[in-house]
Amino acid sequence: MNSLQSVFSEANLLHMVVPAHLFAAVGIVAIFSLVFKENKLFRLFEHIFLGLAAGYTLQTNWTDVLRPQWWDPMWSQGQWWWVIIAPISLMFYGIYTRNFAWQARLLFGFLFGMVTGTVFQAFSSQYLPQVSASFKPILPSATVTWPQAIDNVIFLVIMLCVATYFFFAFEQRSRLAKGASTAGRRLLMIAFGAIFGSTIMTREALLIDRIYYLLHDWMRLVK
Amino acid sequence: MTRMTDSKTIWDKLQEIDPRYIYAALIVVVVLPLLFPFSLPNIPSEPAVLAYRTMETVAAQHPNGFVLIASDWAASTRGESHWQDVAALRQIMTHHLRFAEVSFDTQNRSLEQADIAAVNDELAHSKPGYTPYVYGRDYCLWGYRPSTAVPQFLKGLVDDVPGTVHADYRGDPISKLPCMAGIATIKQVNAVLVITPSNLLDTFLQFVASKNGTPTVYFPTSVMAPEGYPYLDSGQISGMVAGIKGAGDYEQLEGAQGSVTRISTALSLVYALILTLILVGNLSYYVGRAIKMREGSGP
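Here the protein sequences come in this chain order: A and B. First residue of the first sequence: 1, per our numbering; consecutive thereafter. First residue of the second sequence: 1, per our numbering; consecutive thereafter.
Mixed in with the good hints, there may be bad ones.
In the DSSO-like style, the derived pairs of lysine-lysine whose C-alpha atoms are separated by at most 27 angstroms in a straight line are [unchecked claim]:
hint, chain 1, residue 1, chain 2, residue 2
1, B, 13, A, 37
2, A, 136, B, 211
3, B, 155, B, 176
4, B, 292, B, 13
5, B, 127, B, 155
6, B, 187, B, 155
7, A, 223, B, 127
8, B, 211, B, 155
9, B, 187, B, 176
Examples of chain A residues lying across from chain B (beta carbon under 7 angstroms, computed) [claimed, not checked]:
hint, residue
10, 60
11, 202
12, 211
Everything labelled a hint here was simulated from the structure, so no lab data went into it. Backbone N, C-alpha and C define an ideal beta-carbon position, used for all residues, glycine too.
With the sequences and hints as input, model every part of the structure.
Right, dumping it as structure tokens:
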């Protein structure tokens, strides 16, 4: 930690009042002030953030996508046929009127068809390797150590229990099926608990990062 | 039994702590390790070690190799993704591998540019003999592509990189950039790094990794990490750097004990605080209930 004297040195204070730095710091404090009480400063910065994000998104979509890939080829390179994209895109807005809603449905139908095709492909490329990887050796051998074999048995039991829970093709009357299904549900709850723990880590990381910004980048209190 | 003057026991009071005191405690717990740094013991997780070793192997086998970084993180997940990005860039730039970056979020390119500049500056000051990266010669930014067009973009990338990307974010044709020399299809890409808080990895596995077996390293946020383990188990990804913990592990493996190590310590203390509060909350609930039941059934 730097000495407080250096923190409040002229150079450091000048750094802290640079408009961009000061705006960022006040913005962070204003947004976090919500946890103590709803207030107008929070509302102000919330709207500023939303406005900035929306404006930035529009600008980037124009400069990085629409202008180089559509406007420039059409306007400067003589590829006039790209003009057809404009009315087709506008058909999406037909959804707001009863008479022209069919136009939007036409485009949505096209998109749904395209996505469905890729989902079919996704099954073979994403999930089939996982299915084949679930066939694991459960007996120790020259290549499989005892700990690995125990790991694999645990994996297999959990997989079968969870799969049983999601198997609705027949009524689960037998004690074995009921037990496996109940175990599967409880194991899923453990997994959800782990995911919730990870979620907390993400949220806390965001808080720590912003406090780090205030102490390190803005106040230069930590090196 | 400790009875308060307003007939509420200490156990009742513990269940009614004003959340603002908890937030204040949280801030204190975060600020202290940042101001007065100390490190807690940390064992790098196996997925992070796998990721690190994969990239070390790529660097050893391809001295002038080419890495593609795909990311769609923005300000909303900067707390984790930024540190992962810095850790990944540090390793790539230490080995002086060429790289290109493509953004699937509008904010991402600017954030990525800032990270590249910061790591370049850090290595220039800390690593003797380091040749600073120059745009176009050592790396390039392909710019932003809408997330809705990711499948089509990746499908094109597999067979024809220059024909799909066309130009970098400045508008210069990528085929004329020295760093893109010899990169015609995805087959020439030695590794793919996916830094994302979303399910971008799925699309990459579907269209890129499954077609060519390109080593793919996954950098998810903590909340997305559990979904990555099946891919790790099946070998579809070569490593995973999960959230801020993963970034800290990576930094430790790189031997660069810096900001993330300090942040990881703060995170550990936050977890300790949360666990303590959960214990206190449950204890006060059960003890308070037991006392009330005893009083209710007593003479």
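Exercise. Where does the structure disagree with the numbered hints, that is, which hint numbers, in rising order?
Worked result: Violated hint: only 5; rest satisfied.
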